[in-house]
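Each chain is listed here by its residues.
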Amino acid sequence: MTAVVAAIGRSGARRLSVLGGLARFALGAFRAAARLTRAGRWVTLRVLINQIRFTALQAIGLVTFLAAILSFLVISQTVRQLGRLGATDLIGTVIVVAVIRELGPLLTALIVVSRSGTAIAAEMATNRVMGEVTALEAMGIDPYIYLVLPRMLGAIVSVAALMIVFDGVALASGYFGAALSGMHFQRYTNIVLTTLSAKDVWLTVAKGVVFGSAVALFPSYHGLAVKAGPTEIPQAVTRGVVATIVAIFISSALFVVVAAG
Amino acid sequence: MSPRTSQEIRAAWMAQALKWGRPDAAPLAFIAIDLRDRPDHPDHRFDLTVAPGTTVVAIGDEDSGVGDLGGFALGLRQPVSGRAEVFGARIGQLPYYDLLLFRRRIGYHPVGDGLLQNLSLRDNVALPLRFASDHRQAEVDDRVNQLVDDFRLRAVATLRPAAANEEDRRRAAMARALALDPDLVVLEAPFDGLTGRAAQDLLDKVSRRDDGSRRAVFATVQDLVPSVRRMVDRVVKVADGSAVEEKP
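Chains as they are written, first to last, in the working numbering: chain A, 1 to 261; chain B, 1001 to 1248.
Same shape as in the complex, but just chain A:
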C-alpha cells in the first residue's frame, strides 16, 4: 500500500516538476523579447514572417477544407433534426457555440499542432543534438531569443489567423448545409448575427493566444530537453505533441468555465 502511494507521489512530483520547468521556460521566452537587440529585431521579424508562412499560409487549404466539411455536416444534420421539432432558430446557437466557439479553435489548433508542432519539436531537438544550442550560448546568444521567441509569436499569430479563416469558412459552408433543408440566406444571416456576440470574438482571440502559445511552447520545451542523442528526437516530438494536445483540451475546458462565469 505504501509503495503504491509512494509511486503515485513520485509520478505527481515528476509531473509538477515538468509543469514548473514549463512555467520557467514560458517566462524565459516572454522575457527574451525585452532583450532583443536592434539588428536582432529585424532578423526575428524575418524569422517570424517565415514562421507565419509555414504555419498559417501553408495550412490555409487544410483548414478551409476541414472547416467546410465539418460545418456542412453539423449544420445540415442539425437543421434537419431541429426542423422536425420546429426549432430551427436554435441553429444560431449550434453554429456559434459548437462550431465557432468550441470546435473551430480546437480543430484549428490540432491542425497546427500536427503540422507545425511536430516540426518545431523535431527542429529544436535536432538543434540540441547537433550542438547548435551550445554554439548559440557560447556566442552569448540567448537560445530563447533566437529559437523560441519567433516560433511562439509566429504560432500565436498563425493560430489566431487560422481560427478566423476557419470561422469564416464554417459560417459560409454552414449556410449551404442549412440551405439543403430550405433555409433562406436572409434568415440564416439574421439567426447567426443575432446569436453572435462580442464575447465570442474575444474568446476566439484569447484562444488564439493561448493555443498558439501552447503549440510553440510545449514542442520547444520537449525538443530542447533532449540530451542523449538522435534516438531521443522521435520521443521528444511525441512528448511535445501529446503534451500540447492535452494542454489545448484542458485550456479549452477552462475557457468554458471562464465564459460561463
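Just so you know, these hints were derived from the structure itself, not from any lab.
Possibly wrong hints are sitting among the right ones.
[Unchecked claim] Distance windows between CB atoms, simulated: (1) A:PHE249 with B:ASN1165: 48 to 56 Å; (2) A:VAL5 with B:LYS1237: 54 to 62 Å; (3) A:ALA259 with B:ASP1181: 53 to 61 Å.
[Unchecked claim] To give a feel for the contact side, a few chain B residues facing chain A, derived at Cβ under 8 Å: (4) TRP1020; (5) PRO1023; (6) LEU1074; (7) GLN1078; (8) LEU1101; (9) ARG1104; (10) PHE1131; (11) SER1133; (12) VAL1244.
Glycine is no exception: its CB is placed at the ideal position from the N, C-alpha and C atoms.
Given the coordinates of chain A, work out where chain B should sit on it, guided by the hints.
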C-alpha cells in the same frame, strides 16, 4: 537625440561585458583543474595561464581531458575541481544571463564547427552581430562583408554548411568567432582535416585583431603540424592531468 556611432555602440555593450573580471588579469587562466575522472591526486592538477597577445596550444590524447578545456573556458562545463578564470572572472560562477553577456568578449570555435545548418555561411557569420551586439543593420552588413572577404568566403557565402567543403565551413566558423573582434579566442580542434597551409592561414587571421595588435588565442588539439607549431608562442602537453611545457 543624435544617433550613436558604431564605436559608441560597441563601447556601451563592452562596458556591460567588462562589469566582470579585472582589467589587469590574464585573458585566460586554468587553476588547479582536475582533468581526470577520479580527482585523487593533488599533484595532477592542470594549471595554465594565457597571457595577453599570445597563442597557446594545449595538446593531448583523446582521453587526456584536453577536449574539456574549451568548455571550461567558456563556462559551458564545470570542472570536478579547480576553476577557469577569464579576464579574472570565475566564469563558471556567473549567473546565466551575465554569462551570456560576458561570453561576447570571447570568440569560440567548437569541435567540428558548430555552424547552424539552416543558415547560410554568411548568415552564420552574421549571427553574433545580429543577436549579441547592438549594431545597426548596415553596420552588421559592413562587418560581415569584411569578414567574408578576409576569410575568402565570397564565392561560397550563400551556401548552407552541408553544401560547403570542410575548409570553407572551418573558415566560416572562424570568421563567426571573430565577428565581435573579441579579446580572447578559444579554439577546439581547429585544424582537424585542414592542410598545414590552410591551418597556418587561419591561425594567422585569428591571432590578429582589427587594429593590428595580437589577441590571446587558446587552442586545444590532439596533433599539431610543425608549420603551425612554429607560429605558436607556447605548447603544453596534457599528460596525466597536468600541463607539461613543450618547445613550440
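Checklist entry - Which of the numbered hints are not met once you compare them with the structure shown? => result Hints 4, 5, 7, 12 not satisfied by this model.
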